[in-house]
Each structure stands twice: as structure tokens, then as C-alpha cells.
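> Sequence:
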Amino acid sequence: MAKTFKVEVREKTGTGPAREVRRAEMVPGILYGNKQDSQMFSMSAKDILMAFTSKKFFSTVFTLDFGKTKAEGLVKEVQKHPVTDRVLHIDFLRIDKASQVTVNIPVQFVNETLSPALKRGGILNIIHHELAVKCPAHEIPDFITVDLNGIESNASVVLDNVKLPNNVVAAYPERDHVLATVVAPSEEDDEEKTADAPAEAVKAKAKA
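Okay, so the sequence shown: first residue is 1 according to our numbering, each after it adds one.
What the hints contain is simulated information worked out from the structure, not anything from laboratory work. One thing to keep in mind: the hints can contain errors.
As the list claims (entries may be wrong) - Simulated crosslink set (DMTMM-like; lysine to aspartate or glutamate; CA at most 25 Å straight-line):
| no. | residue 1 | residue 2 |
| --- | --- | --- |
| 1 | 76 | 174 |
| 2 | 76 | 37 |
| 3 | 80 | 8 |
| 4 | 163 | 139 |
| 5 | 119 | 77 |
| 6 | 163 | 147 |
| 7 | 119 | 139 |
| 8 | 70 | 11 |
| 9 | 55 | 11 |
| 10 | 134 | 152 |
The model shown is predicted, which means the values in this text are computed figures rather than measured ones.
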């Protein structure tokens, strides 16, 4: 995925000029934030579509090449046509070396074969495929690794068990606390029910 977009400064605003931009196979956009004036621009629709297929599209720092100047930005919003899916507008948040950002990062579960529960046929129920994190803009990780080594049946994989990269913290630790659960194999469930049956029978006799 290319990390540099060639863009053109756009002076005119409004619905009419925006339509003209789209008719030329371009997409209107805006670069804002970081206590600087907003800059409107247009860029190739084809370039956006090629980059949009990447899972890292919203967590990649892109360089916007205006010709005489360059700026760095993080995609914050992409507006698409509800029927055709065509990109209508794109927003970039301006960043610099000191910028701290909040982004969603893919969660990668590893060492499934080292989990006793999963080796016995247990099921990994993933609750969060992504994790919102805060970090320096130029230190955004590609993914967050979750180690399943030693995970037993009916256990929850929680945020406290995850070692985050340096300078990276969870953005919403309470909301995203449980990342996944491991459900016991059906055979184990049947064994537990069978083991409970005699005890229940004894209780029933005692009541009689």
C-alpha cells in the first residue's frame, strides 16, 4: 500500500465544485487539526480505492504531497455513496512528531495449539477483533498480539493478560476489558452434567 498521496489544493467549496471534482475521477478531501488552518484538496479516486482495501488504512500515517509542500495525516473519516459505494469525501487529521492518536488495531491471537482447552476441542469466542489504543502517531503497531498459551476451558482472555507494545495503552480499558472467551468442548460439558446427576438424584431422594 502506497503511503504517499499526490493531492491538489482545492479553493472552491460547496456542492457544485465538489461534483466537478468527482466528475474528474477525483475525491474532495480536507486536512485539519494540530492547531493549523484546514486545507481543502482533491485526490485520485483510484488511489483511495487501492489503499482502502488494506486493513491498516485507518491506522497508517499517510504523506499528502501538495507539490511544493508535504503534510502527514491519519484518515479519520471516509464518506461513501450508500448505493454505489463510491468514495465521496475523505478527512485527514494532521499530525506531527509529537502527535498522540487513538486508533483501532487488529488483534492477533497466537499459540492456540498451546492452550489445553483448545487442544481438547474447545472454542475460541473472539469478542474484539480490534482494540482501540492510544499511542504516538509514528509508533502505531501493526497488530496487538494475544498469547493463548496455557488458557483453560471457560476462561476469559482479558486486557490485563495482554502485553502491549511500548508507549501504547488501551484507549477504553473498561469497555474492551474482555477480548475473548474459551468455551469448553461439548464432551466436557456432558461429563460435568453426568457428574452432577447423582448428586441431584440424592438431593431429590432426601426431599422425598
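> Please go over all the hints and tell whether each is borne out by the structure.
Tested hints:
{"no.": "1", "hint": "76 - 174", "in the structure": "holds (23 Å)"}
{"no.": "2", "hint": "76 - 37", "in the structure": "holds (17 Å)"}
{"no.": "3", "hint": "80 - 8", "in the structure": "holds (21 Å)"}
{"no.": "4", "hint": "163 - 139", "in the structure": "holds (16 Å)"}
{"no.": "5", "hint": "119 - 77", "in the structure": "violated (41 Å)"}
{"no.": "6", "hint": "163 - 147", "in the structure": "holds (9 Å)"}
{"no.": "7", "hint": "119 - 139", "in the structure": "violated (35 Å)"}
{"no.": "8", "hint": "70 - 11", "in the structure": "holds (17 Å)"}
{"no.": "9", "hint": "55 - 11", "in the structure": "violated (32 Å)"}
{"no.": "10", "hint": "134 - 152", "in the structure": "violated (30 Å)"}
Hint check: violations occur at hints 5, 7, 9 and 10; the rest are consistent with the structure.
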